[in-house]
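**Q** If you want the building blocks of each chain, they are given just below.
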Amino acid sequence: MSGFDIISFMTDFGWAGGYVSVCEAVMASVRPQARVFHISHEVPVGDVEAGALTLERICPSFPPAVHLALVDPGVGTHRRPLALMTARGDFLVGPDNGLLLPAAQALGGLRAAWCLDIPRVRGQARMAVDRVSSTFHGRDLFSPAAALLAGATDPSAIASPMEVASLIQTEPAFYEVTWNETVSQVIEIDRFGNIGLALPFAQLVPPAGSFLVEVVAEDLPEWTARVVRTYADLGSGELGIYCDSWGQVALAVKSASAAQLLSIEKGMRVRLTVIAGSSGEGWVE
Amino acid sequence: MSGFDIISFMTDFGWAGGYVSVCEAVMASVRPQARVFHISHEVPVGDVEAGALTLERICPSFPPAVHLALVDPGVGTHRRPLALMTARGDFLVGPDNGLLLPAAQALGGLRAAWCLDIPRVRGQARMAVDRVSSTFHGRDLFSPAAALLAGATDPSAIASPMEVASLIQTEPAFYEVTWNETVSQVIEIDRFGNIGLALPFAQLVPPAGSFLVEVVAEDLPEWTARVVRTYADLGSGELGIYCDSWGQVALAVKSASAAQLLSIEKGMRVRLTVIAGSSGEGWVE
Amino acid sequence: MSGFDIISFMTDFGWAGGYVSVCEAVMASVRPQARVFHISHEVPVGDVEAGALTLERICPSFPPAVHLALVDPGVGTHRRPLALMTARGDFLVGPDNGLLLPAAQALGGLRAAWCLDIPRVRGQARMAVDRVSSTFHGRDLFSPAAALLAGATDPSAIASPMEVASLIQTEPAFYEVTWNETVSQVIEIDRFGNIGLALPFAQLVPPAGSFLVEVVAEDLPEWTARVVRTYADLGSGELGIYCDSWGQVALAVKSASAAQLLSIEKGMRVRLTVIAGSSGEGWVE
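Residue numbers (this note's numbering), protein chains in the order written: chain A, 1 to 285; chain B, 1001 to 1285; chain C, 2001 to 2285.
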């Protein structure tokens, strides 16, 4: 093993207070030649599913790397600290709460799993073995572990092998397709107010025409939306359905926030119902 | 050509969701030795003028570099994807909507322009030629193009020459100077609440004394402001006019937000009228 | 002297507008081989104490480095621009307002102090000596100074020695311990809503059992809190007292924001009173 030049880093810490930075400082101490790439530190607090989604989407665009991901509401409990090796050769480091598994899948699949051992990680990293907080394993355990793996330390020197089958998984985001409608969970509101759905665009039938848009179990107005290729195909104020850059169905309004206009939040469920006779209409090749 | 070590990067993406990071990951894959410097990813959504202003101000402080800038409400339409070469030797990469031109000027002027060609960019970057989204050219086109240019790829290998005269320009921010007053657009509210105006300080006449401050076409109270050298020259609660660090006229209140106090927002127009007999009074040499 | 590879960087600028980036650009021009690590740029505007706390906490986790810290409400006045050398060998660069001293202490103590000289800094950095703004010494003075020190420039080439005793200090955060109660200032609200107190956990007596929690001089409800080891030891909605990752007393609620629940803000004072007979109860070893 020759190690990794790149450590990608994602958390729900935010940049205030230096919590991200102190992890980066620890990594720079343990493995000075590694470069840390910040995926995001704005994962909503404790939102493991949102973190898993971002990690799964972004990791494959990096060259093989160590990916350190920390959304860890169970810190200090018996939840296991993981190092996972993927088929592509990447390592994923973080808590055993489902955060890492979709990314492992996106990196070719899980090849092996280890449970990090605090004293051995800190010993190898030449850090005081007994100075471990109960609430900040990011700094005290995961960062040195990620840096050691980047430096080609053998996982078995700092961790114990685990059964892959014992890893905790998160529930996948909900979607359901029937003959003339789909119901799917809102998995993302981006900075532009675009609404990302759990439904893959390949499963939208038909992939053209117009749909009725309703929010399930909320007292919100219904909308009509037209399938388009990009924002600019929409008229002013018109709601569009499109294939977003991750291949998912998404809703947008041109030069405005669809989420705000429709009062839609992450986690809600959206029903799309085919409007009879509309198929193909409005479809921009 | 020997390539560039530095890629500067500015967007309106925000850090949430990994949209910035995936671009950086693509650049690291195409050109591992380039270092990416983040100018800002908090450009207001779709605000091309604000992005152009930041880019124009910051780029010249970098050594010659590739500057990747993405504020691109027209993504997926026929707006052209650009690579511009400047007299100083920098490249600017981004959409043809006026975002890049003020920076080109600040870097010594525009020397040549190319229109990026998606298949050639992706071919050179060894990315799948057919997997290009309609809504995220930052990841799929501009990032690999910037990384290729940083790696000394000849622009003509990935783009077609364009007429410089055909480039789209933004309207410059408004200001007007008459014998005893100026009207100028608010071009920036910074984190401290200081109010930046489109008027260059060199055109404030006289550059001393006191002025009446009014917001044009808004029902807001009038203020009196004194020309000072720095915040600390102001009394508590006093409004000051000063030459900001970009050489522009700006308004500030000591240890408080002038924008909040005056209810002023970006885009409003501010009239400054000389108060007779005040000239020189309060001017701190 | 062989210089430093690392410059850590903390400000209250925020990322919008490129103010952070232009400093980084200047440093890259003066010392291309230095790597800049961002500690945080979200220090509350002008909050020297908050900046000092973050700096003091984070710096020691870096290898010896130049630490550039800018929370500088007195910019443009006669407040002195500093370079401090610490016992560990680090340099601290920033304004003379108390921001740097706690970090110097955390880095082994202050060994020497210099007052930066603007013309000599700019001369050594090959920057125009006369183009110095009154409001942005971060870009015009401190960044080139930090980069020069990273490049092993002798401090005496760009600064004049100062009496350490003349440096301005901030008031330490308040706390007071009596036989059955403590009063201490809230020094931090983190992104999770945890409430950090000025009281070191080692001074909480007893370090177990239950306490009455009151906010001094505010009309807010009282709470009861139990000393626990980590968030997960708490029941739903229960308030806990714990030793945070910096060794301070802190208050948390499981999977919720304690600060929001208790309406507590930074700067308030919290009284903790021992509840008789509770000692040891609820203490998780």
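In short, the hints are calculated from the structure, not lab data.
Treat the numbers as computed from the prediction; the structure is a model and nothing was measured.
Just so you know, even glycine gets a beta-carbon here, dropped at the ideal spot from N, CA and C.
Hints may be right or wrong, so weigh each one.
If you want the ones that stay clear, here's a sample from chain A, every Cβ over 12 Å from chain B, calculated [said to hold, decoys possible]: (1) Ser8; (2) Ile39; (3) Ser160; (4) Thr170; (5) Gly193; (6) Gly267; (7) Gly277.
Ranges between beta-carbon positions, derived for each pair [said to hold, decoys possible]: (8) Asn2180/C with Pro221/A: 57 to 63 Å; (9) Glu2222/C with Cys115/A: 50 to 56 Å; (10) Val2177/C with Pro1044/B: 47 to 53 Å; (11) Glu1265/B with Arg2126/C: 53 to 59 Å; (12) Gln33/A with Cys2115/C: 32 to 38 Å; (13) Gly123/A with Ala2202/C: 23 to 29 Å; (14) Ser2236/C with Glu265/A: 51 to 57 Å; (15) Gly1277/B with Asp2005/C: 54 to 60 Å; (16) Trp179/A with Gly2235/C: 29 to 35 Å; (17) Gln260/A with Glu1181/B: 35 to 41 Å; (18) Glu218/A with Glu1218/B: 49 to 55 Å.
**Q** For each hint, tell me whether it holds in the structure or not.
**A** Evaluation of the provided hints:
no.	hint	verdict
1	Ser8	violated (7 Å)
2	Ile39	violated (4 Å)
3	Ser160	holds (31 Å)
4	Thr170	holds (18 Å)
5	Gly193	violated (8 Å)
6	Gly267	holds (16 Å)
7	Gly277	holds (26 Å)
8	Asn2180/C with Pro221/A: 57 to 63 Å	holds (59 Å)
9	Glu2222/C with Cys115/A: 50 to 56 Å	violated (42 Å)
10	Val2177/C with Pro1044/B: 47 to 53 Å	holds (49 Å)
11	Glu1265/B with Arg2126/C: 53 to 59 Å	violated (40 Å)
12	Gln33/A with Cys2115/C: 32 to 38 Å	holds (36 Å)
13	Gly123/A with Ala2202/C: 23 to 29 Å	holds (26 Å)
14	Ser2236/C with Glu265/A: 51 to 57 Å	violated (23 Å)
15	Gly1277/B with Asp2005/C: 54 to 60 Å	holds (58 Å)
16	Trp179/A with Gly2235/C: 29 to 35 Å	violated (47 Å)
17	Gln260/A with Glu1181/B: 35 to 41 Å	holds (39 Å)
18	Glu218/A with Glu1218/B: 49 to 55 Å	violated (37 Å)
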